[in-house]
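Participant: The primary structure of each chain is shown beneath.
Protein chains: 2
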Amino acid sequence: MNKPLISKAFNPDNFRHQGHLLVELLGDYLESALQSSKPVNRWRDPEDQLTFWQNDYKEGDRELGRFFKNLIDSSLHMHNPKNMGHQVAIPAPEAALAGLLTELLNNGTVVYEIGAPAVVLERVVCKQLAQEMGFDPGKADGFMTSGASLANLTALMAIRNIKAGEDVWNKGNNKQYALMVSEEAHYCIDKSLRIMGLGEAGTIRIPVDEHYKVRVEMLESAYRAARDRGVEVLGIIGCSCSTSTGTYEELEPLADFAQAHNLWFHVDAAHGGPAIFSKKHRHRLKGIERADSVVMDFHKMMMTPALSTAIIFREAKHSYRSFSQKAQYLWEEQEKKSWFNLGQRSFECTKLMMSVKIYTLLRQYGTALFEEYIDYTYDLAQSFAGMLKQESDLELALQPETNVVCFRYKPGKLSSASLSKLNSLIRKKLIEDGEFYIVQTQLKEDIWLRVTLMNPFTTTVELRALLEKIKQLGRQLVSEQ
Amino acid sequence: MNKPLISKAFNPDNFRHQGHLLVELLGDYLESALQSSKPVNRWRDPEDQLTFWQNDYKEGDRELGRFFKNLIDSSLHMHNPKNMGHQVAIPAPEAALAGLLTELLNNGTVVYEIGAPAVVLERVVCKQLAQEMGFDPGKADGFMTSGASLANLTALMAIRNIKAGEDVWNKGNNKQYALMVSEEAHYCIDKSLRIMGLGEAGTIRIPVDEHYKVRVEMLESAYRAARDRGVEVLGIIGCSCSTSTGTYEELEPLADFAQAHNLWFHVDAAHGGPAIFSKKHRHRLKGIERADSVVMDFHKMMMTPALSTAIIFREAKHSYRSFSQKAQYLWEEQEKKSWFNLGQRSFECTKLMMSVKIYTLLRQYGTALFEEYIDYTYDLAQSFAGMLKQESDLELALQPETNVVCFRYKPGKLSSASLSKLNSLIRKKLIEDGEFYIVQTQLKEDIWLRVTLMNPFTTTVELRALLEKIKQLGRQLVSEQ
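Chains A and B, in that order, are what the protein sequence lines are.
Residue 277 in the working numbering sits at position 277 of the first sequence, and the numbers go up by one each step.
Residue 477 in the working numbering sits at position 477 of the second sequence, and the numbers go up by one each step.
Bear in mind the hints are in silico, worked out from the structure with no lab data behind them.
All C-beta atoms, glycine included, are put in the ideal place defined by N, C-alpha and C.
Coverage of chain A stretches by chain B, computed from C-beta distances (three or more under 8 Å per stretch; other residues unrestricted):
# : segment
1 : 94–106
2 : 177–188
Distance condition first, Cα-Cα at most 27 Å in a straight line; then the derived BS3-like pairs of lysine-lysine:
#  : chain 1 : residue 1 : chain 2 : residue 2
3  : B       : K163      : B       : K317
4  : B       : K413      : B       : K389
5  : A       : K317      : A       : K163
6  : A       : K421      : B       : K336
7  : A       : K469      : A       : K410
8  : A       : K38       : B       : K3
9  : B       : K444      : A       : K171
10 : A       : K336      : A       : K317
11 : A       : K444      : A       : K413
12 : A       : K8        : B       : K280
13 : B       : K336      : A       : K428
14 : A       : K280      : B       : K58
15 : B       : K3        : A       : K280
16 : B       : K8        : B       : K69
17 : A       : K69       : B       : K8
18 : B       : K8        : A       : K280
19 : B       : K429      : A       : K336
20 : B       : K337      : A       : K429
21 : A       : K336      : B       : K444
22 : A       : K429      : B       : K336
23 : B       : K428      : B       : K413
24 : A       : K3        : B       : K280
25 : A       : K8        : B       : K69
26 : A       : K471      : A       : K38
27 : A       : K3        : B       : K38
28 : A       : K8        : B       : K38
29 : B       : K428      : A       : K336
30 : B       : K127      : B       : K163
Some chain A residues flagged as far from chain B (calculated, every beta-carbon gap over 12 Å):
#  : residue
31 : D136
32 : P207
33 : S221
34 : R224
35 : K389
36 : Q390
37 : K413
38 : S415
39 : Q472
40 : Q476
Same shape as in the complex, but just chain A:
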């Protein structure tokens, strides 16, 4: 049978030609982005953007290079030092190349035989991580999964299956189960518990103090109140760090509490976990070695393209308890636990070769790369906080503990509602302008500006320019009112 389009699409010479062109295009992107001379983003209204690409699709211009160029130009330039937005990795170029390799090879990692090297690299990476966290790597075990939301769901499933006083996996929920967690935890925790059919009562939210840390003195009463309502508390979750403010919870009191009540102790270290590699900052994670399970993203603070998340269990046997599944076409011996058939433990049935990307960085640079990165970006946040404190019309929300900094423009005496509106408008103007990219968040009732200093090439020069721009926009907006 004649296969003209397939023959064209799979032509190796075409791949080489287009591949070299793309490498050059991306090389140009990197050079330009790193110099910070270009805007971070080129703002287009959603409907305009849609029209642009609908036309691209209809026109049928088949020039791949032009398409890639347009796509790069329309994207957010994460590598630009003026990008200070979301908690998503600025990928190291070599990790992205490792990604190209996995995109083409496309081996799965659910069964050893279809993705042998990637399966094994996942083990090497997870064992290394277990060791860094202070677990016994001989006893601990873990695997990788598609993002921290899924990793946290995976942990919560293990907790319910292990800690519930009934066989929930087979019999379903017959009681109200709940987990205790900071009110500042990532929204995926609450979402997961609702997915699990536990409703809003599945999350026992512990209030935080003025530093956005869980008020440890409230744990006992919250626990008792839940039990008095007939709720079976299964575990407690520590946040390392919280999402909005980047605050590290004190893990040791949580570990003590879990131990006292025979609860599972889980730590969501999606963003803040890699501080474990820093001699200077690892004290923030003291107590993590007492966790029963830990989730950590490589695609936040480890320069790895998304999605790439590890979940580590202190005891290997627990890593098999999240899901239990029979797939006739995957495993012959359904009951045998094999470390190398990862699908026995993972949510995914097609699971990416995600270990290759993080392994590439570990292999090339060791953990020293991550230490350098944590130290630089965390210290930069301190410098930024210092700058903010010196400005009379800018306000720092709280002293940062990571590379997340919340602040706002605060000229004179305005109500907090007016301040929220003003800062929200400032950010809108910033986005439309495109020179900088920052985000915002809500703390208590108010809107604050928020930066995550993810880019290792951001310096105080860009931060100073950002503040100047914010003040300028702020003054303009105030004068217009």
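For chain A, the structure is supplied; the task is to place chain B on it using the hints.
Facilitator: Coordinates of chain B only, in the frame set by chain A:
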């Protein structure tokens, strides 16, 4: 602050240099793989493989090219025409290049402003898909997510939130809910319902006939029996196609049944959905236009690197009903539904630019590429079935409807237990040999060999060689016993 490792890792010249080398390496891989002169796989025992890579990690050889070369050599060569294993895409090279672009840019697609073009391309792709499925693209809406397991969970969540007679999202499960589905459905359905706290009773398994299609005449009694047990049935799921045998369910009777009982009608078309692009095979999906929701993978039959899955809802409003989440740092106006802020609908909080890869193929080749591919691989399965029928010591399990074929070596009169053992051994030998890659599955009680003809360069030549090899191994194993 000095950042020697970071400066090295992000050096654009280094990226260009390594990038060009990798493109050449992968070009060599493609050329070699497509010729089928090389083995598909180089078998190494898991523990040996682990030792190999542990040494690689320890040795600290920093030559990236050598690492990539080793990795390619140790991987399963999906592009080799003798790979006939799993239902995972053989990626088209240009889609893999699009993947490189997304690996480096790493924009998220949860909020419009951080991944504008990829968000918009997701809309273009989903609208096109809705149209092909026979939905009104003006009314239908969808988005992409990380794999079909997650897409099915997303659909099930919408079903429970919409169809349950209580507010499960907030109040939790207070009843036994269930879905009706073929006993041959993918294991992710049962797993999702257990995650949702519904236990084994959450799945009402409908038996299949000898063609592995749901026995429609049993729907009514199964439904009544469930209601008599106090179970609230929320919906029915059609499989297009089943996983083990690749059988398409008759969708129209399921749609009728759903309509009669006011149930949600969901279709898991992860593998078989793309037949919608084939004039010759789209009749298999007749009735899909009556589905309330459909899941379809691009990373199975659409040559796109994993993970890349669409979930399409017939009515746009339902696409917002799976999850409901507040994330202070993402959306200012929490309640406003915006098509361009995909995180309001997705499970993921960091969501990949996955649309770029499938869009690249659609833009370059249109849907005609997929028609060519479906027609070729589905027809090849028919040819293979014909070959099997002519062989006296080989048995075809059932006439294929897709590109999945189940068969076994059956010399003379052996018990079915002996046949299972024999075929399982044959496959083990095949894997260790490495020339071919096929899988196996369990049908009823027996083990059968199974191929998925995913590679558009596989021809009857490789299939004939496979059968010769199987017969040879079979004879040898029988004689040794």
